[in-house]
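Chains as they are written, first to last, in UniProt numbering: chain A, 1 to 475; chain B, 1 to 475; chain C, 1 to 475.
FYI, nobody ran anything at the bench for these hints, they're computed from the structure. Check the hints yourself; a few may be wrong.
Claimed, not checked - What follows is a list of derived Cβ distance ranges for each label pair:
no., chain 1, residue 1, chain 2, residue 2, range
1, A, Gln-49, B, Thr-256, 25 to 33 Å
2, A, Ala-155, C, Thr-137, 47 to 55 Å
3, B, Gln-72, C, Glu-279, 36 to 44 Å
4, A, Glu-23, B, Glu-158, 49 to 57 Å
5, B, His-446, A, Asp-92, 30 to 38 Å
Predicted, not measured: the structure shown is a model, and the values here were computed from it. All C-beta atoms in this analysis are idealised placements derived from N, C-alpha and C, irrespective of residue type, glycine included.
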Amino acid sequence: MPTPTRPDLLLPAEPGQRALARELYALAAELPIISPHGHVDPALLADDQPFPDPSRLLIVPDHYVTRMLLSQGVPPADLGVPSRDGSPVETDGRRIWRRFADNWHLFRGTPSRLWLEQTFTDVFGVDTPLSPATADTVYDAVAAKLAEPDFRPRALFERFGIEVLATTESPLDDLSRHAKLAADGWGGPGGRVVTTFRPDDVVDMEFDGWPTNVDRLGEITGEDTGTYAGYLAALRSRRAAFIAAGATSSDHGHPTARTLDLGDTAATVYDRARRGRAEPGDAEAFRAHMLLEFARMSLDDGLVMQLHPGAVRNHNRWLHARHGRDVGGDIPQATEYVHALAPLLDAYGNDPRLTVVLYTLDEYTFTRELAPLAGGYAALRLGAPWWFLDSPEVLRRFREAVTETAGFYNTAGFVDDTRAFCSIPVRHDVARRIDAGFLARLVAEHRLPMDEAAETIVDLAYRLPKTVFKFGERS
Amino acid sequence: MPTPTRPDLLLPAEPGQRALARELYALAAELPIISPHGHVDPALLADDQPFPDPSRLLIVPDHYVTRMLLSQGVPPADLGVPSRDGSPVETDGRRIWRRFADNWHLFRGTPSRLWLEQTFTDVFGVDTPLSPATADTVYDAVAAKLAEPDFRPRALFERFGIEVLATTESPLDDLSRHAKLAADGWGGPGGRVVTTFRPDDVVDMEFDGWPTNVDRLGEITGEDTGTYAGYLAALRSRRAAFIAAGATSSDHGHPTARTLDLGDTAATVYDRARRGRAEPGDAEAFRAHMLLEFARMSLDDGLVMQLHPGAVRNHNRWLHARHGRDVGGDIPQATEYVHALAPLLDAYGNDPRLTVVLYTLDEYTFTRELAPLAGGYAALRLGAPWWFLDSPEVLRRFREAVTETAGFYNTAGFVDDTRAFCSIPVRHDVARRIDAGFLARLVAEHRLPMDEAAETIVDLAYRLPKTVFKFGERS
Amino acid sequence: MPTPTRPDLLLPAEPGQRALARELYALAAELPIISPHGHVDPALLADDQPFPDPSRLLIVPDHYVTRMLLSQGVPPADLGVPSRDGSPVETDGRRIWRRFADNWHLFRGTPSRLWLEQTFTDVFGVDTPLSPATADTVYDAVAAKLAEPDFRPRALFERFGIEVLATTESPLDDLSRHAKLAADGWGGPGGRVVTTFRPDDVVDMEFDGWPTNVDRLGEITGEDTGTYAGYLAALRSRRAAFIAAGATSSDHGHPTARTLDLGDTAATVYDRARRGRAEPGDAEAFRAHMLLEFARMSLDDGLVMQLHPGAVRNHNRWLHARHGRDVGGDIPQATEYVHALAPLLDAYGNDPRLTVVLYTLDEYTFTRELAPLAGGYAALRLGAPWWFLDSPEVLRRFREAVTETAGFYNTAGFVDDTRAFCSIPVRHDVARRIDAGFLARLVAEHRLPMDEAAETIVDLAYRLPKTVFKFGERS
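Excised from the complex, chain A in its bound form:
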C-alpha cells in the first residue's frame, strides 16, 4: 500500500494522546488483514477478471451510497441499481458517477466518505479530491487504473496484505468457486480464501422459496429432507463440505436473538411447515430452535457460530418491490439478548468447546446486555459493531462501553462485512486507528502502561480474530 495520505486520520486531536496513538497505530498498521466475515463474491478471486467501470465497482453495489442518495430523492434506478422486473435503469457509468459526485456533500461525516476517499487515494493513487467539478477526472483516473493488471482482484488481495478472507455462502451453493480457488492454491482448509456456512435460506421458513430450498438441499446431499432427521443429516453433510472448502464458522442472520430447544416438537413443526401448514409462530420458534441444533453440531465439527440478529429486512417496501433484497432497505430494530439467549446459554454457554460470536445493530445493549453476557459466559465473544455501526464513532463507543465489563479479550476483532472488495483495507485501517486512539487514552489517563497497550493493539488487529475464528492453525 502507498503511504497513507492522512497519517493522523481519526487519531485523537489532543497532541499528547495523538503521539501515543501514532505509536500504537504504527504497530498495527502493517499487520496482515484477517477478514473472517464478509460478502465478497468468491467468483471475483476465482476468476480474477478486471473490475468493471468505477461506478459498477464503487457505486451501484454499495447500498450505503445508494440509500443515502435515495434519502435525498435520487431514485436507485438513476444510479444503475438493477430492477427486479427488468425495467430500464441507468447504464452509463459516467452519468451514474456524476450524479454521485453532485451529491458528495451528503456523505460529509459518514464512514462511506472515508472509505471511498481512502480507496481513491490509497488503492487507486488518485489524489484529486472528489467534487461535482472533478467527477470526470476522478472517474477517468480510477478507470485507467482498473485496466492495469496490478488492479486485478488477486493482485489487490496481495497488495492489501490479506492473510485470510472468508466469504459467505448458502448450503445450496455448489462451492465451485472455492474449488477453483483451492485448485489454484488460494482456497481450502488453511487457504487464503475460505467460505462460511450461512444456512438462513434453508432454516428460515419465512425466507422466499424455503420449501424449494429445502428440496434442493435434499437433492444436493442425497438426504431425505422430507423428514426432520433427514434435514439435519443434510445440514451436517453440507457443513462437512463447507469445512472441506475451508470454512471455520457458520453465520446466522435472524430477526431476533431468540433461541429455543423445541426437543421432540421440532420434528412436528418441521413436518407441518413441509406440508405447507405452518402455524403462527412456527417460523420464529424453528429459527430459534435451529440455533441450538447448530450449537450441537458445532460441538462436533468445531464451526464457530456467528449470530447477527436485529435487522428488519426490506423495511422499505417500495425499494424491495422495485430493486429486491440487500439494496439499502433494511432497518435495525430493538434487540433483546438476555432472555432470548438463555436457552442456548443454559445448554452450552459455559462449554469452552463452543464459540458464539454475537453481533448487534442495537448499540443500546452494549453495557446492559452484551458486555455482561460476554464477560460471564465461556462460549461468548462480542463481534465488532456491525453494518450501520461499523463507523469510527461507534467503534470508539463500543470500546468505551464494553471493555469495562467484558475486557478486550472477549471481543472478536474487526470484521469488514463488506461486498466492496476494494474497501477492505481502509475498513480495517479505520478500526485499527480507533483502537489505537482508545488505547492511547487509557495510557494518557494512566489506566494502562504503554507496553500492555502495545501488546493489546496487536492482539485486537491480528491475534484475536485469528484465534477466535480458528485461523490459528495456519502457518
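Following the hints, put chains B and C in place on chain A, whose structure we already have.
The following block gives chains B and C in isolation, referenced to the frame of chain A:
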C-alpha cells in the same frame, strides 16, 4: 447583540480544536435566526407591549426552572405558578426571584443556567453574576431594562436577528394575532412571524374536551363535523387558513409514533367517538390514522409534517391537579419508530413531495432507528434533539450518533421549541457552538477539510432549516 | 493513605483540563468517606481479626474477577469458589493467585484492574506490577502485610478515612455484630458502622425459603405473620430494631421497578401465598405493593428507600447450580421506570418527607427516564451508577447524561456497593477523579466558574451523600 461575554463558551477545550471551532463558529454566529418551531405567544409580537417583571418573564412560565425547584421541595405555588382552582399563589415578583436565586446552585451544569445567564448578560446587559446575595441587584437591573422601549418584543426581535419565527396554534384559534401581525407587515405568507398548524386538540379523542373542540371546528369552518367527511373537510379548510397566515408546517404531538391506515374504518371509529361510544384503542388508532390523512393533505397543500412523539403528559398528577398542563409534569417514555412508522412510510416514505420531520425524547433510538430511517427514506428528516434533550451534551451526542448514517443533510436544523422569547438567541447560539465544535473535531481528525466544514456550519445554522421548512421562497 | 502512585490517574489528558481537574480533585481527595450502601460483612469489623491470605481476601469472593476468568474458560472451582454440594475446589491460595496472575491481561481496561492495582499500591504498599512472572512476589508481599496489626479491619477503617459505613442485613439477621460494634463504640445511631434494612428475603415470594423466612420473622418479632396485619407489624418492628442499630435507609432489590397499591387485596394475596396457593403474577404484584407499604413506613420512621431494580438473578444456571448466588451469574435486563414508578409517585412523589434513591443497571434510561423523573419529583434522588456500571467510563457518562436535566443536587453521591473492604477507598477515589474531570470540562468550556465547581466537588464527594442518607446529624 452585544459582544458575547464568554467568546469560547462551549467550544472544545483542546486548543487545536478550539481554534478551528472558533473559526467555524464565527461563520455562523451572526447568521439570521430561522425559528421554525416554537411556542412564543403571537400576542406578544402582535401587541408589542412591555414585558412584565423579571419573574413573570423568566421564572413563572419556565417549566424547566419550576420543575427543578419542585424536585428540591419548593412548591410551584411559591414561585407564582397559577393554580387551577384559583387558590392563592405567590404574587410578589421579587420574592419569587429571591426564592429562585436561593436555589441557583441547583442549575449548575444545566442548559437552563446557560440560557438564563446569557439572557442576563447578552440580552439585558446585566453582568452581575446571580447568587442569593445579588438577587435584588439582578432583579432591579433586568426590571429597569424591561421598562425601556428597546426591550419591547418587536425591538428585541430585530435585535435578535430573527428572520422568521413560527408560533404554534390550534385549528380552533382564530388567528387574529397573526392577522394583526400581517396588517402591520410582520405576518402572512413569507412574513417574519408565521403560524403552525397543530391539530392535537381536535384529533386526539383523549384530549380534554375533544367533542366540544370538534363541534367548534365545525362552527368555525361551516363544515359538518358530525360526519368524518365533514371533519376532514373542516381540517382542510383550517389548513388553508393557516397557510394564508403564513404556515409552512403542521405539528403533531402524540404519545407514540404509531401510524396506521384505517381505510373505511376511520369513519366508523370517528362516528363511534362522536356518539360517545369510543372503544378501547380507538383513540390511539385514530391518532395513528390521522397522521396518514395529514400526510395525504400535505401532498396537496405542501405543509411540512412535524412529529414529536413520546411524552407521557401530566405524569406528575399532583402537579397537574394543582397547576394544569405544561408546567413541568410531563415525562418521556421509550419510543419505537421502526414498526410504528411503517404504515406511513409504506404509503409515502419515498415520495419526495412529502417532508416529515421526526423528533424524539428518546436518544436511545438515534443510531438504531432514527438515523437509518432518515438515511433511507426520501420523505424523512431528523428534527433537532427536543425538550429535555435540547442541551449541549445531547446536541453533541446527536451529531456523533446520527451523522455517520444519516449525514448532516437529513437533519432539519435547530429548533428552539420555546415559550421563552428572550432565550431564543442563546438557544440557537448554543446549537451553533456545539455544531462548530463537532465539525472542528472532524477537521482536527482529518475527516473533513476546513472548506467543507465551513460550508456545513452555515448550512446547519441557516440554509437547512430554511429549506426543510420551506421558508426558502422569501427574499 | 500513602501518596498515590499515579497522581493524574483518570484525569482528562488535555493539559488545560487536567490542571483544572487536579485542582478540583485535590479538594475532594482527602475528604472522609461516606459509604451509605455496601455489603461488607459486619463481622469483619466486629471481630477485627486479621484477613486471610491474599487470594481469599481479593480473588475468591470477588465475582467481577471470577466471572471474567470463567468467561475465558477458567472454572470458578479452580479459583477456590466454594461449591454448593461440597465437591472439592482449589484450596491453595498461592495456586489460585497464580491462575489469576496468568490471566491478568484479561482485566486491561476494566475497573477491576484499577481497583486491584490501587489496592496493591495504596493499601498494601506493593509497587511490583502484577504479571505472571511476579505473581509470587506480589502474593508474598501482600500476605506479609496482612499479618501486621496495621492491616486489621479497624486499623484500615481508620486509615481509609471512613466516616460512616453502612452494611446491609436481612430483617432476619439478629444484628448481633452491630450490637458488638455499638458496645465497642463503633456502631449504633450516629455510629461509624451502621446497618441497612434489606427485606427482599421476606418480601419476595419467589425468594428461596420465603414461607420459612416469614415464619422466622414472626418468631423474631413476636408478631403473628400468619396474617397480613401481623406481617406488617413485624416489618415495622424490625425497622425499629434496625434504626436502633443505626440504620438510616432500607434497600430493595427487585427484578423490575414496578410499584403498585393493592389496597385491601394485599391481604388476600398474602394469605394465598401463605397457604401455598399463590397465583401467577402474585409475587410481582406483592413486591410492587410492598414498595408502597415501605414508603408509608418511611413517612413514619424516616428511613430513606433505596430501589435497585433490573437484575436477572442467577442467569448463568450452571454457575448457580454449582456455586450458588452472588458469584457472577446475574445479568441486567432492560428496566422501565416511567410507568412502573407511577403508583408510588402518584402517592408520595411530591412529598419532601420521603426520599427514594433510584439505581439502575440500564444506562439507556439516563436521559429518557431517570433524569426527567429525578428532576421533577421532590422525593426522588438518583443513586450512583451501580454494579457493572460503577466504572470510570459510566460514571463520566452518568454526569454527562443526567446533569443537564436533574442537576448535581438530585444525585445521591457515590456508593461503593462492595463486599471488598480493601477496595472502598479506591472506588470512592475513582468517582472523585471522574467528577473532578467532568467539572473541569464544564469550567474549561466556560459553563461553570471555578469557585462553584470547587463547591460542587465537595458536595458530590461528601455533603450530598451525608445529607441524602441522613448522616447529617452526626458530629
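Handout entry: Hint numbers not upheld by this structure, sorted from lowest to highest
Key = Hint check: 1 fails alone, others pass.
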